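Okay, here's what each chain looks like letter by letter:
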Amino acid sequence: MSATHLELAVKDGGESCKSKGLRAGCEQQPRPLAAWLAVLDTEGEPKWLANARRNASTAFAQVGLPTRKNEEWRYSEPRIRGLESASFNVTTTAAIPAGINLTDLGIPMLGGRTMVFVDGDFVPSLSSPLADGVQLLPLAGALADDSLQARLSLTGGQETGFDLLNTALFKDGVLVDVPKNVDVSEVFHLIFVNRIPGMATHPRVLVRLGANSRLHLIESRVCTADESLSNSVTQLQVGPGATLHHVATLEGSAGNSRQLEHIAVSVAADGRFRSNLTVIGSSESESEGPSALVRVDLDVDLVGEGAECTLEGLYLGAANDHIDCHTRIDHRVPCCTSRQLYKGILAGKAKAVFNGKVLVHVDAQHSQAQQSNKNLLLSEGALVNTKPQLEIWADDVQCAHGATVGRLDEDALFYMQSRGLPKTEARKLLRVAFANEICSGVRSNPMRAHLEEVLASWLSRVDASLAVTP
Amino acid sequence: MATGTEIEEIVGKDYQYGFVTDIEVDTVEAGLNEDIIRQISAIKGEPVFLLEFRLAAYRKWLTMTEPNWQNVRYTPIDYQSIVYYSAPRSGPKYQSMDEVDPKLLETFAKLGIPLNEQRALAGVAVDAVFDSVSVATTYKGELNKLGIIFCSFSEAVREHPELVKKYLGSVVPVADNYFAALNAAVFTDGSFCYIPKGVRCPMELSTYFRINAANTGQFERTLLIADEGATVSYLEGCTAPQRDENQLHAAVVELIAHKDATIKYSTVQNWYPGDENGKGGIYNFVTKRGLCEGERSKISWTQVETGSAITWKYPSCILKGDSSVGEFYSVAVTSLKQQADTGTKMIHIGKNTKSTIISKGISARQGQNSYRGLVKISKKADHARNFSQCDSLLIGSECGAHTFPYLEIQNPTAIVEHEASTTKIGEDQLFYCAQRGISAEDAISMIVNGFCKDVLRELPMEFAVEAQKLLGVTLEGSVG
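Those protein sequence lines, which keep their order, are chains B and A. Per my numbering, the first sequence starts with residue 46, numbered consecutively. Per my numbering, the second sequence starts with residue 23, numbered consecutively.
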């Protein structure tokens, strides 16, 4: 820990933390993120990890959080402005209620293996880890293995301030290791709940699939904590010929909460990656004051010939939500295929961003890339910024993208009305049909049923609040 | 459509407009400072408001930094080594064609626009800008009768200062961007056009720009105003002599369409693209913007970009009037080491506004082509409608095609569609043609022309022919 770091900590924390003995006391004080970096506690951690954290901390001092000047963060910036100076707690002494009811939080019980984290802490009583060949472990317990060092690094140079914060400050997370030729029959369900206001958590998830293996991984993230920050990094490695189904739902409309998730995927030769993302924001059409930011950056690197990925996403926003979905697909080698379909429904004063980038690198011939983004705006004040982007440096490719923003098809509405359906019913049906295309892509039956239910109830609540405030 | 023989004829030609006319020029010293600007203003005998406009722009420019977000790469420009003013050494005014420097006339003859024959040509008035001073204007009398003002910018400043003062910088403000500010500070000449109320301009108005004296940047300023109910079609075509120095061209074009007015602005641009190693060639950094000020006004941009080492421009429409219409049709071809970053901005402000974007990019050899566009539907633009289509065609494995569309929608009643595709010419298409006895070269020229048809058919007749020939020249040797 350098002297300047110490001073910063003293200044921002408002309390002297020079000696080790005082640190426990300091941890009760909320402080800015940079100040937490300054009092990095790497004691008891393996040397490689301590180094990695320190390097990330130094890099963060240079990079900082993204600003308006950063094209990728242009639209999100208003919701992260001032985050540097906002104070957070990173640990909690509040005990997790023994009988925390996940169902009440809208998290489905899927019957597979579960890993539960509440406010960043692993909850063993609700979890069912696995350590027999196939590994499903809390990350904190597995860090002695220095082979994790290589897996922790994100593709060089691409790390944002948030990634660096995660590396420097992550406390726990999940490690999944599937050896080759294993078809994991159970669904792995990772649950992250944030309840305590003013907390910052930085969960890290590392998943590796050996050659020709298969895994169904579901993540549920729920945030009910005002003024909180959840900054996750999820790294998925899909081995040659392996198949990974990844389903993620992010739910949260707590005031001024920020949920960020960076999902970095690499797919080896003939690997398949299928992602299904659902972001659920508020369901009120009107809301006062500041509101939530949910941002998901999904980066897929197709690094082996014949790799394929399918990305589907649905974002539902209302009130003052800001939902940001970024995808980036790198076709690095020939003969890879990517498909993307993202859909959004926005009401109230919600803002949504879709930024999909497809890069076909030099000599990545025979690449096929399809990308589509469709949006429905339900009320005045709702806003969509969509930027489907293609960068193509090879010639023998087939790439296409499309984007639409609009209302429900008047002709379709009229048709249904002429067949005797009331207008409100017809409208509801068309909206459900619009969004259900994404939900129906989920392969896990209980999860799909859950998502369909969430969608239907979100739509009817939005409908009700739109009816109140025309 | 160009036939196979036409293409063959064109292929195998060197850059045919690459010659330097040997005329003495009046130039100011190289470099840029307030004195140079005052000097330019003095030479041109400008009123005070214009000098102040220039100085304000220059002072703003000093505080700005050159943008670097674009998807093109070039060696930094030394703004102090550019000569900002050069004028052909000739009498101050020409009363008749006989007084015009014969060498100048010869140049125009090589370019295919002999002024002596202009009058005989069907309905085209040409205001030829040679370097920076306008030398001859034809058909003036005829246009005068209708009250149409079509003259060089300098003349407009002298004859119609009130119009210039009212509209100059109203669409592209001085501090709009780095190159627009530079242009506002040092522009030397350009074209000015005013169509009065209810007048339909009886002929296509056209201007030929031509870069001549070495090291002379061209900073044209074009101002085109269509008053209520007026209609005008304006053509701009460009060719330039071959040379090694990179030349900067930073023009500004402002269009204003009042209520019920229609402006059609077409460009065929074929400046020197540099040699096979990417040496030389023109930097074309242009700001073009049109304002649909009144209800039911319409602005349509059509461009065929085949030349320049770097093309970097976004002809845009601000759809302010209710029910106004904006259109953008573009073909951009990059071959050799050419780079193009072009597209449009459609900013919907008024109700029931409509815009269409058709962009066709063709990349061959090591050419890099980017479409970058913005469609913005603002809160009050109820029932706005946009359709965008940008397709790219790739020829050769070293070229690139990129698409950066921005769609910003703030109104739930808007309908916005964007689609884009990137493909190479299909083996099966060529095979099909080969079966029918069409050679690969002919097949490719057919496919390219078909690919661009949606845009080419928007061009006025004269330009459509030229544009098809240009496509052939530019893609010469890169196919087959």
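The hints are simulated quantities; they were obtained by calculation from the structure and are not laboratory data. Fair warning: there could be bad hints in the mix.
[Claimed, not checked] Heads up, simulated BS3-like pairs for lysine-lysine below, C-alpha to C-alpha not over 30 angstroms straight-line: (1) A:187 to A:66; (2) B:468 to A:66; (3) B:114 to A:167; (4) B:419 to A:342; (5) B:473 to A:373; (6) A:66 to B:402; (7) A:376 to A:342; (8) B:402 to A:167; (9) A:167 to B:419; (10) B:402 to A:401; (11) A:187 to A:82; (12) B:114 to A:402; (13) A:167 to B:394; (14) B:114 to A:281; (15) A:342 to A:367; (16) A:475 to B:419; (17) A:167 to A:82; (18) B:402 to A:82; (19) B:468 to A:342; (20) A:376 to B:419; (21) A:167 to A:66; (22) A:66 to B:473; (23) A:475 to A:188; (24) A:373 to A:188; (25) B:468 to A:401; (26) A:402 to B:419; (27) A:376 to A:359.
[Said to hold, decoys possible] Have a look at the derived ranges for each label pair, beta carbon to beta carbon: (28) A:181 to B:408: 51 to 61 angstroms; (29) B:107 to A:89: 20 to 30 angstroms; (30) B:109 to A:89: 54 to 64 angstroms; (31) B:478 to A:411: 43 to 53 angstroms; (32) B:107 to A:96: 56 to 66 angstroms; (33) A:299 to B:186: 51 to 61 angstroms; (34) A:96 to B:114: 15 to 25 angstroms.
[Unchecked claim] Coverage of chain B stretches by chain A, computed from C-beta distances (three or more under 8 angstroms per stretch; other residues unrestricted): (35) 414-424; (36) 481-489.
All values derive from a computational prediction rather than experimental measurement. Every residue, glycine too, gets a C-beta built ideally from N, C-alpha and C.
Results for each hint:
no., hint, result
1, A:187 to A:66, "holds, 16 angstroms"
2, B:468 to A:66, "violated, 68 angstroms"
3, B:114 to A:167, "violated, 53 angstroms"
4, B:419 to A:342, "holds, 27 angstroms"
5, B:473 to A:373, "holds, 28 angstroms"
6, A:66 to B:402, "violated, 50 angstroms"
7, A:376 to A:342, "holds, 11 angstroms"
8, B:402 to A:167, "violated, 55 angstroms"
9, A:167 to B:419, "violated, 53 angstroms"
10, B:402 to A:401, "holds, 27 angstroms"
11, A:187 to A:82, "holds, 19 angstroms"
12, B:114 to A:402, "holds, 28 angstroms"
13, A:167 to B:394, "violated, 55 angstroms"
14, B:114 to A:281, "violated, 38 angstroms"
15, A:342 to A:367, "holds, 13 angstroms"
16, A:475 to B:419, "holds, 29 angstroms"
17, A:167 to A:82, "violated, 41 angstroms"
18, B:402 to A:82, "violated, 35 angstroms"
19, B:468 to A:342, "violated, 34 angstroms"
20, A:376 to B:419, "holds, 20 angstroms"
21, A:167 to A:66, "holds, 28 angstroms"
22, A:66 to B:473, "violated, 68 angstroms"
23, A:475 to A:188, "violated, 39 angstroms"
24, A:373 to A:188, "holds, 26 angstroms"
25, B:468 to A:401, "holds, 26 angstroms"
26, A:402 to B:419, "holds, 22 angstroms"
27, A:376 to A:359, "violated, 36 angstroms"
28, A:181 to B:408: 51 to 61 angstroms, "holds, 60 angstroms"
29, B:107 to A:89: 20 to 30 angstroms, "holds, 24 angstroms"
30, B:109 to A:89: 54 to 64 angstroms, "violated, 22 angstroms"
31, B:478 to A:411: 43 to 53 angstroms, "violated, 26 angstroms"
32, B:107 to A:96: 56 to 66 angstroms, "violated, 29 angstroms"
33, A:299 to B:186: 51 to 61 angstroms, "holds, 60 angstroms"
34, A:96 to B:114: 15 to 25 angstroms, "holds, 22 angstroms"
35, 414-424, "holds (count 4)"
36, 481-489, "violated (count 0)"
Hint violations for this structure: numbers 2, 3, 6, 8, 9, 13, 14, 17, 18, 19, 22, 23, 27, 30, 31, 32, 36, all remaining hints satisfied.
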